[in-house]
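Chemist: Sequence:
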Amino acid sequence: MRGYESLKDQMLNLKNWAVIGVTSKKDRYGYKIWKTLKEHGYNAYGVSPNYDEIEGEKIYHSIEDITDTIEVVDMVVAPKISLNVLDEIKNKGIEFVFFQPGSYNEEVLEKADELGLSYIIEDCIYATLKAMEN
Numbered sequence: 001m002r003g004y005e006s007l008k009d010q011m012l013n014l015k016n017w018a019v020i021g022v023t024s025k026k027d028r029y030g031y032k033i034w035k036t037l038k039e040h041g042y043n044a045y046g047v048s049p050n051y052d053e054i055e056g057e058k059i060y061h062s063i064e065d066i067t068d069t070i071e072v073v074d075m076v077v078a079p080k081i082s083l084n085v086l087d088e089i090k091n092k093g094i095e096f097v098f099f100q101p102g103s104y105n106e107e108v109l110e111k112a113d114e115l116g117l118s119y120i121i122e123d124c125i126y127a128t129l130k131a132m133e134n
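Position 9 of the sequence shown, counting from 1, maps to 9 under full-length UniProt numbering, and the rest follow consecutively.
Don't read these hints as lab results, they were simulated from the structure. Note that the structure is predicted; figures quoted are calculated from it, not measured. Beta carbons are placed, not taken as given, at the ideal position from N, Cα and C, and that holds for glycine. Certain hints may be false.
Said to hold, decoys possible - Computed beta-carbon distance windows for the label pairs:
{"#": "1", "residue 1": "Leu115", "residue 2": "Thr67", "range": "19 to 29 Å"}
{"#": "2", "residue 1": "Glu55", "residue 2": "Gly3", "range": "29 to 39 Å"}
{"#": "3", "residue 1": "Ile121", "residue 2": "Asp87", "range": "14 to 24 Å"}
{"#": "4", "residue 1": "Asp123", "residue 2": "Asn16", "range": "16 to 26 Å"}
{"#": "5", "residue 1": "Tyr4", "residue 2": "Gly56", "range": "30 to 40 Å"}
{"#": "6", "residue 1": "Glu53", "residue 2": "Glu5", "range": "17 to 27 Å"}
{"#": "7", "residue 1": "Leu12", "residue 2": "Lys92", "range": "12 to 22 Å"}
{"#": "8", "residue 1": "Gly56", "residue 2": "Ser6", "range": "20 to 30 Å"}
{"#": "9", "residue 1": "Asp113", "residue 2": "Gly56", "range": "37 to 47 Å"}
{"#": "10", "residue 1": "Ser6", "residue 2": "Ala127", "range": "11 to 21 Å"}
Given these sequences and hints, build the entire structure.
Modeler: Put into structure tokens, the structure is as follows:
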């Protein structure tokens, strides 16, 4: 478990995150995660083909559309979408992926391993950041 905590600490120290599956629905984790990252001083880039902007901020239709350097990708989508985004993540040179609960399955994790990505599962960045507030 030591390696896991070290990996999580490494991710938390990186400031440029993309949230795949951002939404304008304030009761959904796609919104809460994006907003909470911003509140904690992260540069959080929302990615969703369903929006051009949320609350006046540009939303990207694809991770490939982001010109800034992304260091960590947070997945808040169904496993089938996660699977399709992994190649884009690798092509952008991003090493770290935080899979929210429900965003991965065995096939997704096998592909992430094949691509050499470092990832976290069975955790929630929203819960982690909220816990840091106390």
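Chemist: Look at each hint and say if it fits the structure.
Modeler: Here is how each hint holds up against the structure:
| no. | hint | in the structure |
| --- | --- | --- |
| 1 | Leu115 - Thr67: 19 to 29 Å | holds (22 Å) |
| 2 | Glu55 - Gly3: 29 to 39 Å | holds (37 Å) |
| 3 | Ile121 - Asp87: 14 to 24 Å | holds (19 Å) |
| 4 | Asp123 - Asn16: 16 to 26 Å | holds (20 Å) |
| 5 | Tyr4 - Gly56: 30 to 40 Å | holds (37 Å) |
| 6 | Glu53 - Glu5: 17 to 27 Å | violated (36 Å) |
| 7 | Leu12 - Lys92: 12 to 22 Å | holds (20 Å) |
| 8 | Gly56 - Ser6: 20 to 30 Å | violated (37 Å) |
| 9 | Asp113 - Gly56: 37 to 47 Å | holds (39 Å) |
| 10 | Ser6 - Ala127: 11 to 21 Å | holds (19 Å) |
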